[in-house]
Structures are given as structure tokens and as C-alpha cells.
Amino acid sequence: MAENFFTDNLDLQFRLDQLDLSQVVEISEDGYRYHDQYPLAPRNYADAKDNYRLLLNVLGEICATCVAPRAAEADEEGAQFHDGRVTYAAATQEALDLLRQAELTGTVLPWEYGGLNLPGTIYRLMIEIVSRAEAGLMTVFGLQEIAATIEEFGSEAMKARLLPRFARGEVTGAMVLTEPDAGSDLGAVQTRATLRAEPFDFAQDRPPGAAYAETTGGWRLNGVKRFITNGGADVLLVLARSEPESKDARGLSLFLVEADETVHIRRIEHKLGVRSSPTCEIQFSDTPAQLIGKRRFGLIRYAMSMMNGARLAVAAQALGIAEAAYREASRYAEKRVQFGQPIRAIPAVYRMLLSMRGEIEATRALVCETGRWVDLHKAYEQCVRQGENPDPADRQRHKQADRLATVLTPLAKYYATEMGNRVCYQAMQIHGGAGYMREFNVERHYRDVRVTSIYEGTSQLQIVASTGGLLGHALDDLLNEWAALDYGAELAALQGQVAEATALLNQCIDRLKGEKERALIDYYAADLADVAVYVINCWLMLRDARLAGRKREMARVYIAETLPKIRGKAAVLQAIDPAPLQARDLILAESFDFAQDKSF
Amino acid sequence: MTYNCIVLVKQVPDTANISGKTMKDDGTVDRAALPAIFNPEDLNALEMALQVKEQHGGQVTVLTMGPPRAAEVLREALYRGADRVILLSDRKFAGSDTLATSYALKCAVERTGDYDLVFCGRQAIDGDTAQVGPQVAEKLALPQITYAESIQALQGSDIVVQRAFPLGKETVKCTLPCLLTVVSSANRPRPPSARRMIAYKLAATPLECPALLQQWPEFETAEALDRYLAERDQKIPVWTAADIGADEEKLGLHGSPTKVLKIDYVVLETSDSRQVPATPEGASALVRELIQDHIL
Chain A
15 MAENFFTDNL DLQFRLDQLD LSQVVEISED GYRYHDQYPL APRNYADAKD NYRLLLNVLG
75 EICATCVAPR AAEADEEGAQ FHDGRVTYAA ATQEALDLLR QAELTGTVLP WEYGGLNLPG
135 TIYRLMIEIV SRAEAGLMTV FGLQEIAATI EEFGSEAMKA RLLPRFARGE VTGAMVLTEP
195 DAGSDLGAVQ TRATLRAEPF DFAQDRPPGA AYAETTGGWR LNGVKRFITN GGADVLLVLA
255 RSEPESKDAR GLSLFLVEAD ETVHIRRIEH KLGVRSSPTC EIQFSDTPAQ LIGKRRFGLI
315 RYAMSMMNGA RLAVAAQALG IAEAAYREAS RYAEKRVQFG QPIRAIPAVY RMLLSMRGEI
375 EATRALVCET GRWVDLHKAY EQCVRQGENP DPADRQRHKQ ADRLATVLTP LAKYYATEMG
435 NRVCYQAMQI HGGAGYMREF NVERHYRDVR VTSIYEGTSQ LQIVASTGGL LGHALDDLLN
495 EWAALDYGAE LAALQGQVAE ATALLNQCID RLKGEKERAL IDYYAADLAD VAVYVINCWL
555 MLRDARLAGR KREMARVYIA ETLPKIRGKA AVLQAIDPAP LQARDLILAE SFDFAQDKSF
Chain B
38 MTYNCIVLVK QVPDTANISG KTMKDDGTVD RAALPAIFNP EDLNALEMAL QVKEQHGGQV
98 TVLTMGPPRA AEVLREALYR GADRVILLSD RKFAGSDTLA TSYALKCAVE RTGDYDLVFC
158 GRQAIDGDTA QVGPQVAEKL ALPQITYAES IQALQGSDIV VQRAFPLGKE TVKCTLPCLL
218 TVVSSANRPR PPSARRMIAY KLAATPLECP ALLQQWPEFE TAEALDRYLA ERDQKIPVWT
278 AADIGADEEK LGLHGSPTKV LKIDYVVLET SDSRQVPATP EGASALVREL IQDHIL
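Chains as they are written, first to last, in the numbering used here: chain A, 15 to 614; chain B, 38 to 333.
Treat the hints as calculated values from the structure; they're not laboratory data.
Being a predicted model, the structure only gives us computed values, none of them experimental.
Among these hints, one or two may not hold up.
Unchecked claim - Dumping the calculated BS3-like pairs for lysine-lysine here, alpha-carbon to alpha-carbon at most 30 Å:
1) B:Lys210 with B:Lys90
2) A:Lys63 with B:Lys238
3) B:Lys176 with B:Lys90
4) A:Lys63 with B:Lys272
5) B:Lys210 with B:Lys238
6) B:Lys90 with B:Lys272
Between the sequences and the hints, there should be enough to build the whole structure, so can you do that?
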């Protein structure tokens, strides 16, 4: 049988089987009414799910047979930059061509634009598969968020012109947010957007076909953007300051730019990993642009929404890389003989394999669960946009989905990407010296995964983003729901332990919430995020444990490994020691003169 | 000018992935245990036909002869872009050698209607004879271009094709209609399209409909399913020997002069190695010995 990254991944298939998106799909398919109008639209949920399997199957085969075998080559050649033009490595270009031929582009777009109206959760399973094959390719394939953002917030004319081209894979997109002085702090963006006083005659300035007639005024962008993933794309969504007097996020708007000669790529970065993905520095010189949505909502509404989608995509990317690294390590441990036995028979080695496996399966469950809430939230938003009047139960569910999507997204991104780094670290450890060498794939995975906990918001920012929700007990309903499930006698002990951990989490929340000093909360927020995400994962693993014998053992191992971590972090939170904050200046002082030190 | 293309394909056991489990004790292939796949060079033939269609227009019809299960390769052809597929299936075809097969295919091709080009893979990975393509051409009285690697020109009723051999290339010109057998270096077959897979996933022969009804109970009755498939042009027709007007004497075991006498189970194993002195004398001695053993 041909190799296939979907059919060879039993946990991923289990996840898909367990995933219940019926409510989401019911709404997004408008009660399955689209089927009469669009031949590919599903007749019912079973049909939809069958379609998801087909898609993942095609993708899995392409990734296993064509993309992964050339991943090292794509990494070695890397994206190239010559004479102001960005080109992909040959292997990357081939992979993109294949994905286009397989019509796997624009999958999340609605039917009317030629998309497949795919729920984001399924799309992220696709991203995981692509990333397992070649992490850098994901940054091009995974940017379907751009099209989704145009779909959600763009004008009808923009959508009609651009979305079908995204769906056909004719254009790619890029999110153009970061600047040299505006990284994590996007509110500091300086690229200027100016509205020309006289109406701009686009017809004079543009090649035929790219009509800008729907704009009411011509915006022009000037400034420099940096670290732009896939910056050589055709369609750019650019964050720029439209309100010259402003200094913060409320003066920023989001603009659509179709790359032309005024968009100048100055250089691409030489990176540690994801080398096939071009990371560009872009200069805009009087670049014509169209406003997306309303002025001043660029960052706080549109870019944040786009980034939330991208954060989950990066979580899925880290998961895919971890899956690849785990498999390399597992294979190696089987073949490598030391002390007269394959090293996987050695407790210190299989302990690492068990830990990796547990973290990967927990992450997959977490990313899917998060995705489900995000999808549900989007579906309800769609209802609201279409002017439907929801009943009180739906309204409450909408609110719940909103709350959970907001808190789970940063937690999932945080956990998945840190997990990816841990797994790749252990995978290399299992390889020993061999894994440190270029010849072994794990060396590439180790480099590739590193950026996942940095881009689309660092882990530290994800923690900040989740703290408010956690302190507001946003998880309570969900955790209570899980606690109320029937786990049977066999899992009762385990259930008791997880329930205990949940009580600890609540104590920690209340303890930190009672803290007056903001800096203390921020300092210890990382521990709270850890406790929260560990508790969530323990429940997710326990939920699966009801369904399969292997999953029961997996839950035992994972929970046994995780509970002590929860208790340790909870101990930190219950003590809340202000000492590190007070000692900071002294300890981190640049020069340290013992003779002058009066602190003894 | 548009061109109507017919592609002849075969479902074969995946002989490239034979493991211990898929060989019987007598050394024959256990077909039931082997995954059945689209014969690889037939995919190259289909790809060439699809490219002709993309560049010039026309229709791509895919024909296969085989057991009911062979409908799987027809669905794969639909997923890749075929416009029309036909399954040639009848117990009377069973046991056909290349001669009987090519006779049946010839009858079927004649029944499909007007065509300009017939494409076949160079050879199938199960029998490895490379005979069916040329025999079909003979029986249809078509010129044949074997080992076709690329179509260099196609204009009016003239085609220029480059043929590939181990030691070189040959460019030939031919008048349509003609038959091409395509080699694996011709192209990289496109992957199945996800969208077409969704569109054609229910495409089925009448023989497959009961199973389909079981899988999708929402259709409730066989008639409702049939109507649904018919409305969407998703019924894969099955042609029998009678449908193609074939002479039964020329089909199946009757029509197959090839008889398999015996099958040898050859095990290639390395045994012990021997050091040959690295001198001209040592080498000559080895060569003499190999000649004596009829190896050289």
C-alpha cells in the first residue's frame, strides 16, 4: 500500500472519528440546503465526514509520497531571493503544484467562491499532515487564513474578485503585520496609510483586469515591514496607521494590497528552520491599498481574528513536526542496538518515547477540542451576520463558545508549540550523536519546530492572552461537563485524581485573582496557564480512555506523569512569593561589584 | 480541433509492495492479500490523454476489463479528470490471455464511438508482457507508437511523438487515429483531485449499488439511489461480451492459446562470498568459471 500520512496515523483517525462537528456543519451548511445548489456540498453530516476522510486521504498520500521525501532538499535549498524576486525551492514549488492539482487550496472558503466550506478543525488536521511532511510548506499552505479573513471582513467586490482565485490556488496570501519596532507590540506599527485627497484613478495606474472601482478613495501605504512569512505573496493584508495623530492600536486599520511594483521585497532572512518558507522584509512606497472593514479596527478586530486562526494553525504545525520527530525517534530506537539490545528496550529510552507519545496525543485532542469551539463560535457569528434570531439557548451557547474559543486558543498554541519543542528535543536525545547530524531528519525537525513557540505570538504572549479568561473561570462549564461524564468503575480512581487536580486549579485561580499587584499576576501567570492546560489535557485523555483499551493505558501514563507537575505548579501559585520581583534589579544588574554590595 | 481519447487501463496487484505475507507457499502471488492498484504506466497514459484534452479539448474515456472490483480504477480515473468510464466485465472474459484480452478491448473500443487517439500504458506490472497495447492496435488496424514519451505536436490529424528507449530517443510522425503505449518517464501523473473525489465518490456500477445503499441508508430504496446517480451522471456502465458483440469463441480460456506449463519459485539469496585475487589471472579465472556456468 502506498504510504499515507493520514491512513498510517491511527490517533489522527481516532480523533476524526470522535470529533463531533455536527452542530457546526449543520449551521455552516445551512441545514444541508447547499447540496441542491453545489454538487459537492454534503447531503448530511455522515456525508460531510466522509468527505473529510477523502480530503485527508488525498493529502496524506501526497504528503507521504511526494512532499516528505523531498523535505530535506527543500530545507537545504531554501527559499531564494534574486533581483528583488522571491522563489521557492524546487521541491517546495513541486509540492505546491501538487496541492493545487489535487485542488486542496481554498478549502475553508464558502461554496459560492469555489471553496469546500471546510470547518477550521478539519483544515487544521490537514495542516498537521502537511507539517509532518515539510514544516516550511505549511507556512504557504497554512495561509488560507488570509482568504478566510477577506471572506469574513472584506467587501463583496473584494471577495468576488479574489476568493475564487484563492480557491483555485492561483494566488497566495501573506499577513503583513510585524515591523522592526513592532513585534509582540503590534500597537506600535508605524507604516502609514494616507487617504489621497482627490479620488485615485486606479484605471490609469493598473493593468487591465485589476479593477479597483469599488473603492471610495485611494489609500496609499508607506513603510517597512519585517519578518513577513511568504511576503512574496500576491495578496497582502497589511496593518498600517490610518490615523496619524494616534499612537496605539486604535489608530490602526487593515488594508488589502495586491502586490505590484510599489511593493518592494528588500531581502529575505537566513533562518534556523522552516527554511523553505520565505521570510521577507517589504517596503511599501506609495502602494495603492483598500481598506478592510472599518477604520481603527485593523488590529483590535480583524488582525486579532486572523491571528487567532493562525495561532491554531501554528499549534497544528508544531503537532505535525512533533509527530514526524517522534516517528523518527521510534524507528531509530528500534534499529539502534547498544548493550546488545535495541535501545527502545531500555527504560530511560522508552520513558522518553512514552512521554512524547502522551504529549502528542494530548495535544491532538486539545487542538481538536479548541477548534471545535472556535468553529462553533464562527458558526454562530455567521447566524448573527445573516440576521437570524437565535433562541436563548443558542445565544447562551454562542457566548460559551466565544468564551472558550478565546481562552483555549492561546492555551492550545502555547501548549502545542512548547510540546513540539520538548518532543523534538527528546527525539534528538534518543538519536544520540547521530541526531545532531544533518543526515538525520530529526536535526531538521529540531530546527523547524523552534519558531512555532515564537511566531504568531510568543508563548509568553499566549499566556497573557489566556490569563484573563482563566482568572474569569472561563473553563468552569467545560470542566464541569467533563467531570459529570460517566467514566465507569475502572477509571474511577483516575477520575478522582483529575477531579482533585481540577479543584487545585480553581484554588490557584482564586489565589492569583485575589492578588492586587499586576506584576505578580503577570509573573505567575505562566504557572497558571500550565496548571490549566494540564488539567484540560488530563480530562481529554480520560474522556478518550472510555473508548479504547490502548487509550486507557495512555491516559494512565499521561496523567501519572502530569499530576505531579500540576501539584508542583499549584504549590508555586499557592505560595505566590514576591521575592523574584523584588530581587530582580539586584540580580539582573549588569555589573556586580561584590565590594560595593551592601545587601548582606 | 478537439480530440477524443480512449485510455485502456488495468487494475493490477501491487507487485512493488510484496512482503512475506503476500506470497503463497507455492511461490505464486496471493492476489486476495495484495492491494489492487491502478497499473502505474496506465496512469502515465491517462495523464497524457488528460493533457491532450486540456490543450485541445475533447473527451477522455477510460475503459478497463476486469472483475467487478476493477470499478475502483475507473473511479480513480474519474477523480483524476476522465469524462467517461466503462467497465468491461463478464465471466466469459475470465482467463483471457493477451490475445483474448486485446480482442475484447478492440470490440469495446469500437463500441465507444468516434475516437482519435487510444492510449495504453506500455505494460502492466503483473504480466509484464507489453503485448496488449500493440495487439489492440493490430486488431483495430491502427498505426501504433510504442514507448511514447511525449507528444511533441498535435495538429489536425497529424501527431509527432517522441519514443524513449534505453539507448536513445526516436521521433516519429503519424496520422490519426492511432494508438500509443506510454512509458513511465512520460510525465508525473496528477494526483486525484479532492474536489472530483467528493463529486464522484458515489460513482458505481449496478453491481456495487447494494453495498452503496447499505453505506448510505438515507437513499432508502435502490430506485432512489439509482435516480440520484443517474441525475448526476454517476452510473458506471458495465459492458458484457454480448454488449460489445464479441465472438465468445475468442474470449476467455477458449480464446487464449497461451498455456502456463509450470511456475518456478525462484529464491534469490546470497550465500557465502569468495575472495578473487585482484590480478589479471584471478579475473580471467572468474570469467572462465562464469562462462562455464552459463552466467556470462
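Pair hint Lys210 (chain B) and Lys90 (chain B), alpha-carbon separation not exceeding 30 Å: 20 Å, holds
Pair hint outcome, Lys63 (chain A) versus Lys272 (chain B) [Cα-Cα no greater than 30 Å]: 23 Å, holds
Restraint check for Lys90 (chain B) with Lys272 (chain B), where alpha carbons must lie at most 30 Å apart: 22 Å, holds
Pair hint outcome, Lys63 (chain A) versus Lys238 (chain B) [Cα-Cα no greater than 30 Å]: 13 Å, holds
Restraint status (C-alpha distance of Lys210 (chain B) to Lys238 (chain B) at most 30 Å): 40 Å, violated
Restraint check for Lys176 (chain B) with Lys90 (chain B), where alpha carbons must lie at most 30 Å apart: 25 Å, holds
In terms of the numbered hints stated before, the structure departs from hint 5 and from no other.
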